[in-house]
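Number of protein chains: 8
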Amino acid sequence: MNPQYKRLDRNDAAVLLVDHQAGLLSLVRDIDPDRFRNNVLALGDLADYFGLPTILTTSFETGPNGPLVPELKAQFPDAPYIARPGQINAWDNEDFVAAVRATGRKQLIIAGVVTEVCVAFPALSAIEAGYEVFVVTDASGTFNALTRDSAWRRMEAAGAQLMTWFGVACELHRDWRNDIEGLGRLFSNHIPDYRNLMSSYDTLTQMG
Amino acid sequence: MNPQYKRLDRNDAAVLLVDHQAGLLSLVRDIDPDRFRNNVLALGDLADYFGLPTILTTSFETGPNGPLVPELKAQFPDAPYIARPGQINAWDNEDFVAAVRATGRKQLIIAGVVTEVCVAFPALSAIEAGYEVFVVTDASGTFNALTRDSAWRRMEAAGAQLMTWFGVACELHRDWRNDIEGLGRLFSNHIPDYRNLMSSYDTLTQMG
Amino acid sequence: MNPQYKRLDRNDAAVLLVDHQAGLLSLVRDIDPDRFRNNVLALGDLADYFGLPTILTTSFETGPNGPLVPELKAQFPDAPYIARPGQINAWDNEDFVAAVRATGRKQLIIAGVVTEVCVAFPALSAIEAGYEVFVVTDASGTFNALTRDSAWRRMEAAGAQLMTWFGVACELHRDWRNDIEGLGRLFSNHIPDYRNLMSSYDTLTQMG
Amino acid sequence: MNPQYKRLDRNDAAVLLVDHQAGLLSLVRDIDPDRFRNNVLALGDLADYFGLPTILTTSFETGPNGPLVPELKAQFPDAPYIARPGQINAWDNEDFVAAVRATGRKQLIIAGVVTEVCVAFPALSAIEAGYEVFVVTDASGTFNALTRDSAWRRMEAAGAQLMTWFGVACELHRDWRNDIEGLGRLFSNHIPDYRNLMSSYDTLTQMG
Amino acid sequence: MNPQYKRLDRNDAAVLLVDHQAGLLSLVRDIDPDRFRNNVLALGDLADYFGLPTILTTSFETGPNGPLVPELKAQFPDAPYIARPGQINAWDNEDFVAAVRATGRKQLIIAGVVTEVCVAFPALSAIEAGYEVFVVTDASGTFNALTRDSAWRRMEAAGAQLMTWFGVACELHRDWRNDIEGLGRLFSNHIPDYRNLMSSYDTLTQMG
Amino acid sequence: MNPQYKRLDRNDAAVLLVDHQAGLLSLVRDIDPDRFRNNVLALGDLADYFGLPTILTTSFETGPNGPLVPELKAQFPDAPYIARPGQINAWDNEDFVAAVRATGRKQLIIAGVVTEVCVAFPALSAIEAGYEVFVVTDASGTFNALTRDSAWRRMEAAGAQLMTWFGVACELHRDWRNDIEGLGRLFSNHIPDYRNLMSSYDTLTQMG
Amino acid sequence: MNPQYKRLDRNDAAVLLVDHQAGLLSLVRDIDPDRFRNNVLALGDLADYFGLPTILTTSFETGPNGPLVPELKAQFPDAPYIARPGQINAWDNEDFVAAVRATGRKQLIIAGVVTEVCVAFPALSAIEAGYEVFVVTDASGTFNALTRDSAWRRMEAAGAQLMTWFGVACELHRDWRNDIEGLGRLFSNHIPDYRNLMSSYDTLTQMG
Amino acid sequence: MNPQYKRLDRNDAAVLLVDHQAGLLSLVRDIDPDRFRNNVLALGDLADYFGLPTILTTSFETGPNGPLVPELKAQFPDAPYIARPGQINAWDNEDFVAAVRATGRKQLIIAGVVTEVCVAFPALSAIEAGYEVFVVTDASGTFNALTRDSAWRRMEAAGAQLMTWFGVACELHRDWRNDIEGLGRLFSNHIPDYRNLMSSYDTLTQMG
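Protein chains in written order, with full-length UniProt numbering: chain A, 1 to 208; chain B, 1 to 208; chain C, 1 to 208; chain D, 1 to 208; chain E, 1 to 208; chain F, 1 to 208; chain G, 1 to 208; chain H, 1 to 208.
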């Protein structure tokens, strides 16, 4: 028996965004803030683009942890929004688990702040509950590279798949012919090198 | 059968602090000394805060290895304290194993200096003896990143879970409502960015 | 005689943007592309915000070097735009020097791609011609750190002042009371950490 | 039962070169361009030297992704060349899979751009289809080290073996006596340090 | 004429602490937060220990920039405390300059957040005004290494001397015989490696 | 069933030193040459100190690869010395395998140059042949960190244990009481920080 | 009086290549060997392209230092070639200085191995003798970054200008219109990113 | 007037070794301990080899700072040895300055621990007193790269020349013909890559 390729499927995947809050973001130091901000917004955009059920959750928004990043809040006005009263692991919150179940999806794409807690805890719980878990490593952040590595290894050992937002988008899209312009716009908006390729291409072909 | 989430439980966990001695600390070069000192003291504080049984052990305190870090000694005046007469692997010392058994706990949180010896050897022995082992990577130190990586991989391959003190604290605490002030103080004392968040928050809310 | 503080003055400064072209940007590898893109756009925004005379120049836009970054083109529709027919050093182009002279300014804020050529050559020429030169290091890019360091040292040895877009903005603004909202918006749009501070502040003060 | 050594065999291996296109190469930032170019050409040379069936594939050559690197095109004029009409995962293209099957080989040596998509997707599919997969890590490139690590871990967890072009060449060659001069030339052309050893050796022995 | 050694003199030096505010500290990413916090408090302790006139200043404490780090506020209850109403360069604030003048000192030890603005601007102004300026590089922080280097070079080119808190303390103290215990305590409290040396020494000598 | 702790035993271990040749060492760039030389000699010293059967092998000593490092040759004058006529994988050489078998040991400690070939190939073969393999990562070297990581992962996936010379020595020694002076001398000769601890200790205790 | 722009002039510049020998190159560890080899050959190509008088010198070619890199020897068959009998500083060799004088040039472009000796010594001597010195930093190599930085600072303090081969080429060429194809070929051969830009451009324009 | 080349002269240079003490060495973290130990001993060997007057000084040898590195003490049994009773700057100690004056030398080669204090302070004093100062950067160590850079810049701004032990040796030796074997032995003992070159050379030439 060969190992199975557990492949993301846009009809079976949901997105969980955990604790991307303005205060907690000041704790993130394993990735440059410009790059991190871009990755988080790209993940939001791809969830939107592929029409994936998306769940937002926060921890103590009115305390030092601060409010959810406004762009995410604005992008998913109708998404389940679970302001947890105290549970550190979002999966310990019944409303959160209920919202996940309500999606009917079996593949969970998770990102959050900070990686070894807000991402790893629900990821490990979800795997135990039978879900396929895909961690978006570049839209999750934490104190430093050492703590990040520990968190990644723990999740990986439990069977989580580590991906980045770009890999997630490509695996969901499958074939450019499904929508060249839409995916191209997503990439152009969040990958400066890709945007440059397109600018050069447009200039040259418009000249012809 | 899904993989089980082996989750730290404050009623089933004990802490083993191995050879955090003043002389040996001069060998630690895979982590900045300011950060390392902070992490070790944070681990001590969390063991104290959660009331976890804690065991101290040292190797040749009166020789070049030097005395145990005084803060740890002071923090656990009644803890079992095993000054090993020669065993490099603490688990080869019967008193140490007896002290572990006496806790009645099955989850062992281990940190020490240097990682590939004083942490890895007892970790591998404890796993063989049937314990669940959680290595606190950021409160353990060694010569350089290369030796650290080799040690982490060896422990991980045997089933140890790699965590950091922050993840340990959060997984033990479970829910902020158990004690907001106590956990907040622990974080504020050992995470400068968190302290700053709280300072700003206090200033703004006191103004209101 | 004390050394004089050569301080940027919004009434005496002009901005020169040299060869920020889509193709040439693929050569820039001494800075992360997300951060670099942000810095270049921030410099454009500050030039706009402070109403500084701004000059654009490019080299072979219709060849492999590619077109000017569209955002810069759009932001300065009426700025002098010198598409150099071949001169590598923009200062060797009479139209460019004439455009600089026409501003009547004596302080030149320069950024471009690549640093050791498109920035350094006109910077050295401008210094020789009697201008005060301020190089925006984080809105200029090149092949790698080694070539960047060589370029910085050469310009510095000739008397250029090395700054970043943030320092330039602060030195031009002088006093927050001149316009709190405008400068705050500039920072919020280009410094994720600052944006987060403002989000948290707004949430807390709106709750009060 | 001991673990089996899955060893590359020149009679059972084929090479898949995926999307080494001039435009996409500008996205590669996890490896220095001089080194990357050298590694890719070395992989081409070794495929040629060992007479391995080689398959080329590209994605939208006439768009922003750009043409295949000309040297690879020139080196394999008769190789199957699949210009995919839209499939992101080359394994989703029937012609590609047919070309792989036609080689009759069971060991696939894969390299491409970018690693987490163009390499990882067909690698995971090929493993599922029963092939042994060897990823040439240093002839594959992507956005940055973080995305690279995620891709490597995902493929490794599925059973892919990570190698470099040098290890591939040595494992295929088995014994220097099969052809000292040919392998020596391959190394001398692509490993500057090895070339220097040979230059020194030649000078000294020609003097004797 | 040989170059003069401009040497710090405890009878002629004053300390300026500029904008070490809880919010602004979240912008500091060119130095690890544990280390930075330690350095800032060490500078406060040395100012206290040597009895140097110390001046505190902040920018918009009740806004997003946040309050002064509480420890500094507590350590200098009687120091001049200038909450600037808007001036970005502290030297543009008359009260601040008056406070500096009132010390009667000619050597200014400056640290602050962020380096290229809150440190560099008053440093350049003070040099122009005839002061000797010593920048405490490791108690000043900013966005990243690139912006830090630009700031250091600009100040250095103007004649500022770059030092660290440890060098400042040693140069002020001159001779251990002035007070072994006091300086030893300062070092032990802020240099973990030094603390370890002292712990080992005390253990060994107490055993004798 | 708990995972077994496969522990090095001085009565069951042998050391294989593969291709530490003067020419090949110029290819090693993943570790500083001062540190690497020290580690290789430390491994030789520990093999000698513990009286482990040791096997030397080289590839084309009289060609560009150069002679075995003279210190290793001198240290093991009576050890089996297999100058391979062409086999790249030492395990493909019958004399080498015979020498390994003749030791009667089941634990193989392997180090060599370059890691992904001269170490990984015999390590994978030895595992397949039923041996326990311990790779000394810090006495093995290769082209760069990327190729090193690929080699480590491949060996690890096959069941090799990654260790460093220091961990090997400690695991073999078990208890300081077996010989304090001998192990202390080994450490003092190859760990500068340990040497310093001993120098300080000796000075203080001799004063007493 | 403004600082003068000392600008490279193809009619007044000569190139000195010092000790790029196969053995000495194994000492170079401050730059990746693939990149370094490329830079050295690029410098050779540009000297050739601009027709600059070029002087080669070596130290003990028949000893451990090894022969001059063959490509350089082949490229300049008629250049003065000074095999120094023992002088470490090439400028201490009368034939070398005579060869320099014979060029009649006043601008010396110097590169070599190792930087702090073979480059720095003749650079300092040439400056003292009244020449303008331009060090090609990326075609010079040494033991590590620390020794490189010391060498650069010493030369810079004496007035040498630090450049890279790309900057040298651009400053000599002045205007693309002098020869677009020739300079383009030089860049395409030695800058992979530039080659890719040209490949994409050619493909698109040939399609039109 | 051209800048003068201040060149080390073996008849006019002396070596000052400041506080290379076993305890203080544990503070050195800006350089790998294996490399640092090698550099310090190499500097001792070269002082010995060139017969340069050498002066040793220490600070509180019987306290936590620990004893002078034993090898240095053994190598210079008859050298002036100033155990300072308290002065932090060695130049504040009259015996030290008298010992320097007694050498009659005007060029001072200085190394020590830690760089920004034990090296920088006497270096600045010596420059003021009219000496030419050469700092051996790689035989001096301190807390981290940030503090090192500050120290280097301060000394450089005052006119000190930054060199490494290798550059010092080469500049003193001038011509290999003065003693090929002696200098070769110095290099072979302290530069592993050079030792390898010599091993290969010897093997090949002895075969001839």
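Just so you know, these hints were derived from the structure itself, not from any lab. Be a bit skeptical, because a hint or two may be false.
As the list claims (entries may be wrong) - Capping the alpha-carbon separation at 25 Å, the derived lysine to any residue pairs in SDA-like fashion look like this: (1) LYS6(B) / ALA129(F); (2) LYS106(D) / PRO53(F); (3) LYS106(E) / LEU72(H); (4) LYS6(C) / ALA157(H); (5) LYS6(B) / ALA79(D); (6) LYS6(A) / ALA145(D).
What the hints assert, rightly or not - Every beta carbon over 10 Å from chain B, so not counted as near; a handful from chain A, in silico: (7) PHE60; (8) ARG154; (9) ARG185; (10) MET198.
In this text, a Cβ means the ideal position worked out from N, Cα and C, and glycines have one as well.
Check: Does LYS6(B) pair with ALA79(D) here, judged by a C-alpha cut-off of 25 Å?
Finding: With a Cα-Cα distance of about 51 Å, the restraint between LYS6(B) and ALA79(D) is violated, given a limit of 25 Å.
Next item on the list: Find the nearest Cβ of chain B to the Cβ of PHE60(A) and say whether that gap is larger than 10 Å.
Entry: violated, 7 Å
Note to self: So if I understand the rule, the pair passes when the alpha-carbon distance is 25 Å or less; does LYS6(A) with ALA145(D) pass?
What the structure shows: holds, 23 Å
Next item on the list: Quick one: work out the minimum CB distance from ARG154(A) to chain B and report holds if it exceeds 10 Å, violated otherwise.
Entry: violated, 6 Å
Next item on the list: Compare the distance between the alpha carbons of LYS106(D) and PRO53(F) with 25 Å, and conclude whether the hinted pair is satisfied.
Entry: Status violated; Cα separation ~40 Å.
Next item on the list: Could you grab the alpha-carbon distance between LYS6(B) and ALA129(F) and see if it respects the 25 Å cut-off?
Entry: violated, 35 Å
Checklist line | Distal placement of MET198(A) relative to chain B, Cβ over 10 Å | finding: holds, 38 Å
Check: Does the structure keep LYS6(C) and ALA157(H) at a Cα separation of 25 Å or less?
Finding: holds, 20 Å
Next item on the list: Take the C-alpha atoms of LYS106(E) and LEU72(H), compute the straight-line distance between them, and say whether it is at most 25 Å.
Entry: Between LYS106(E) and LEU72(H) the Cα gap is close to 42 Å, so the pair fails against 25 Å, i.e. violated.
Notebook entry, point to check: Any Cβ of chain B at or closer than 10 Å to ARG185(A), or is the non-interface label fine?
Noted result: Answer for ARG185(A): holds, closest chain B Cβ roughly 35 Å.
Checked against the numbered hints above, the structure breaks hints 1, 2, 3, 5, 7, 8 and satisfies the rest.
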